[in-house]
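Participant: Here's the letter readout for the chains.
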Amino acid sequence: MVRFYDQEFSSRLLIGTALYPSPKIMQDAIRAAGSQIVTVSLRRETAGGKTGDAFWSLIRELDVTVLPNTAGCKSVREAVTTAKLARELFGTSWIKLEVIADNDTLQPDVVGLVEAASILIKDGFEVFPYCTEDLSVAMRLVDAGCKVVMPWAAPIGSAKGITNRDALRLLRERLPDITLVVDAGIGAPSHAAQALELGYDAVLLNTAVAKAADPVAMAGAFKLAVEAGRAAHEAGLMDARDFASPSTPVVGTPFWHAVS
Amino acid sequence: MQVTVNGEQRKIAARTVDALLTELDYEGTHFAIAVNFDVLPKSRWAETMLNSGDEIEIITPRQGG
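Just so you know, the protein sequences line up as chains A and B, in that order.
Residue numbering for the first sequence follows the working numbering, beginning at 1 and increasing consecutively.
Residue numbering for the second sequence follows the working numbering, beginning at 1 and increasing consecutively.
These aren't lab readings, by the way, just hints derived from the structure by calculation.
Note that this is a predicted model, so its numbers are computed, not measured.
Glycine is no exception: its CB is placed at the ideal position from the N, C-alpha and C atoms.
Misleading hints may appear alongside valid ones.
[Stated by the list, open to error] Restraint ranges, calculated between C-beta atoms of paired labels, are given here:
{"#": "1", "chain 1": "B", "residue 1": "W45", "chain 2": "A", "residue 2": "G236", "range": "48 to 58 Å"}
{"#": "2", "chain 1": "B", "residue 1": "N51", "chain 2": "A", "residue 2": "N103", "range": "30 to 40 Å"}
{"#": "3", "chain 1": "B", "residue 1": "T22", "chain 2": "A", "residue 2": "L135", "range": "48 to 58 Å"}
Chain A with its partners taken away, still in its complex shape (with noise of 0.2 Å):
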């Protein structure tokens, strides 16, 4: 099981609701997924429009637990103002916060990213932070108050996987007791289960699934990844060395003596 605050899952994989074909393919590939916990957002409604009311009665047929995004706020101001929006709409205390420094690479602004993270706290709020593998602000956070960390591999929708192991290897060594997931740029399920062996709780996607030729197959695909990385982290890796070691036995090799 994984812990997110006070509540327990047994998926490890979180699953985001945009960019799909159609809506039933959405629904489908979370189904699929066998995602416990899904990302939403929130946007300005034009006058006269439903298009919130149609999403949002989607989503809760699927009797999944809501994570509601700060997506595209550029300052603490915009995404502390969300999240309070996200609360009395979706009427949860959890919030992934997002604080975007940068257009072209979403890189978070973890500057404002800790100070949104306090203020959040501080009100009530169980803060999902997506940050950088920077262990630093990953300290802040925590120190701050947040009880999951959510670590990029790579820029949001990239699908270059983990490009920084080694950080994230030793943000899960430095942080034993925190909630840790990698969240964004996972564009395989290879990618997904390196996340898992590396020790972490669980993987945040969406892209990978959304754009896949079959989003559907592949969301199930990510499933079987996400349980196999889980289950070679608790069986336990062997540490990786720099010169072959032989797996047959030496001793009793027919002709060992006649080799020159």
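Chain A is fixed; fit chain B onto it per the hints.
Facilitator: For chain B alone, kept in the frame of chain A given last:
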């Protein structure tokens, strides 16, 4: 009076948030509203008076990653 709704300047007759929603034909049920960066719980929509120059955000659930 003149207010900004979702980033657009509008001339409105409504004096309260509730009346504004009616005036602008908002018919859905899932909204959250902020006025000048202050989030207003639904219970206060009827009583909250609007002032000229207010910035109003009307927000609904949407797909997200």
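Participant: Now tell me if each hint is right for this structure.
Facilitator: A quick look at each hint next to the structure:
1. W45 of chain B and G236 of chain A have their C-beta atoms about 56 Å apart, which keeps the hinted 48 to 58 Å range intact.
2. Restraint check, N51 of chain B to N103 of chain A: a C-beta distance of roughly 34 Å satisfies the suggested window 30 to 40 Å.
3. T22 of chain B and L135 of chain A have their C-beta atoms about 52 Å apart, which keeps the hinted 48 to 58 Å range intact.
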